[in-house]
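Take the sequence shown: its letter number 44 is residue 44 in my numbering, and every next letter is one higher.
Bear in mind the hints are in silico, worked out from the structure with no lab data behind them. From a predicted model like this one, the values you see are computed outputs, not experimental measurements. It is possible that part of the hints are untrue.
As a list, the in silico BS3-like pairs of lysine-lysine whose alpha-carbon atoms are at most 27 Å apart [stated by the list, open to error]:
hint, residue 1, residue 2
1, K78, K17
2, K15, K105
3, K20, K78
4, K139, K105
5, K36, K17
6, K17, K34
7, K139, K36
8, K78, K92
Label-pair distances were calculated between CB atoms; the ranges are [unchecked claim]:
hint, residue 1, residue 2, range
9, I116, D50, 29 to 39 Å
10, G107, N51, 34 to 44 Å
11, K17, I141, 13 to 23 Å
12, P119, E16, 30 to 40 Å
13, M1, F47, 33 to 43 Å
14, I63, Q43, 12 to 22 Å
15, T79, E16, 27 to 37 Å
16, K17, T118, 25 to 35 Å
17, I33, L121, 33 to 43 Å
18, A83, L127, 15 to 25 Å
19, D106, A35, 13 to 23 Å
20, L12, D132, 14 to 24 Å
The beta carbon of each residue, even a glycine, is placed where N, CA and C say it ideally should be.
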Amino acid sequence: MNIVYLSLGTNLGDKEKNLKDALSQIQRRIGTIKAKSAFIETQPWGFESDNNFLNAAVKVETILEPMTLLDECQLIEKTMGRAKKSVNGVYKDRIIDIDILMYYKDGDISGDGIHINTPRLTIPHPLMNERDFVLIPLKQIL
């Protein structure tokens, strides 16, 4: 089994329900949730909005390989009503956002996990160390 850390965020609608729905779909489509952070409220990052975010992080045990994992995360986002990650490279309000932070092959969580750098996917997430809304919940489950 592989171990993956995901970041979740929402700033539209019933935010707590959005996160709970995403967690339920992660459990169904991706794998077993082994740890879950508290939900934390944060300010928008990278764009202006009147809507604060609710964020969380999860540790998931999965058999999925990284690209399939990305496809499943994006399918969950789409199923929940998210059409695009950004518009012309600019962030916007979203019902759900799921980012892959780190990925550990065969459950070996020593070191910093696998590294991928493709146009579709970069692991570890390149901006996670700049984002308190990622780091605060992530530290709760590491």
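Quick rundown of the hints versus the structure:
In summary, the hint linking K78 to K17 is supported, as the alpha carbons are separated by about 16 Å, within the 27 Å threshold. For the proposed pair K15 and K105, the alpha carbon gap of about 32 Å is over 27 Å, so the pair is violated. A hinted pair counts as satisfied when its Cα atoms are at most 27 Å apart, and K20 with K78 qualifies at roughly 16 Å. Simply put, K139 and K105 have alpha-carbon atoms about 20 Å apart, close enough for the 27 Å limit, and the pair holds.
Distance hint between K36 and K17 is fulfilled; the C-alpha atoms sit about 15 Å from each other, no more than 27 Å. Of the pairs offered as hints, the one joining K17 and K34 holds, with about 20 Å between alpha carbons and a cut-off of 27 Å not exceeded. Between K139 and K36 the alpha-carbon distance is near 11 Å, which keeps this suggested pair within the 27 Å criterion. Of the pairs offered as hints, the one joining K78 and K92 holds, with about 15 Å between alpha carbons and a cut-off of 27 Å not exceeded.
Checking the proposed 29 to 39 Å range against I116 and D50 shows it holds: the Cβ atoms sit about 35 Å from each other. Separated by about 37 Å at the C-beta atoms, G107 and N51 satisfy the suggested range of 34 to 44 Å. At about 21 Å, the beta-carbon gap between K17 and I141 stays in the expected band of 13 to 23 Å. At roughly 34 Å, the beta-carbon separation of P119 and E16 lies within the given 30 to 40 Å, and the hint holds.
Take M1 and F47: their Cβ atoms lie about 36 Å apart, and the range 33 to 43 Å holds. For the hinted restraint 12 to 22 Å between I63 and Q43, the CB-CB distance of approximately 36 Å leaves it violated. Under the hint 27 to 37 Å, the C-beta atoms of T79 and E16, about 18 Å apart, miss the expected range. At roughly 33 Å, the beta carbons of K17 and T118 sit within the given window of 25 to 35 Å.
In this structure, I33 and L121 break the distance hint of 33 to 43 Å, their C-beta atoms being roughly 21 Å apart. A hinted range of 15 to 25 Å holds for the C-beta pair A83 and L127, which are about 22 Å apart. Between D106 and A35 the Cβ separation comes to about 18 Å, which falls inside the hinted range of 13 to 23 Å. Distance hint for L12 and D132: a CB-CB separation of about 21 Å, consistent with the stated range 14 to 24 Å.
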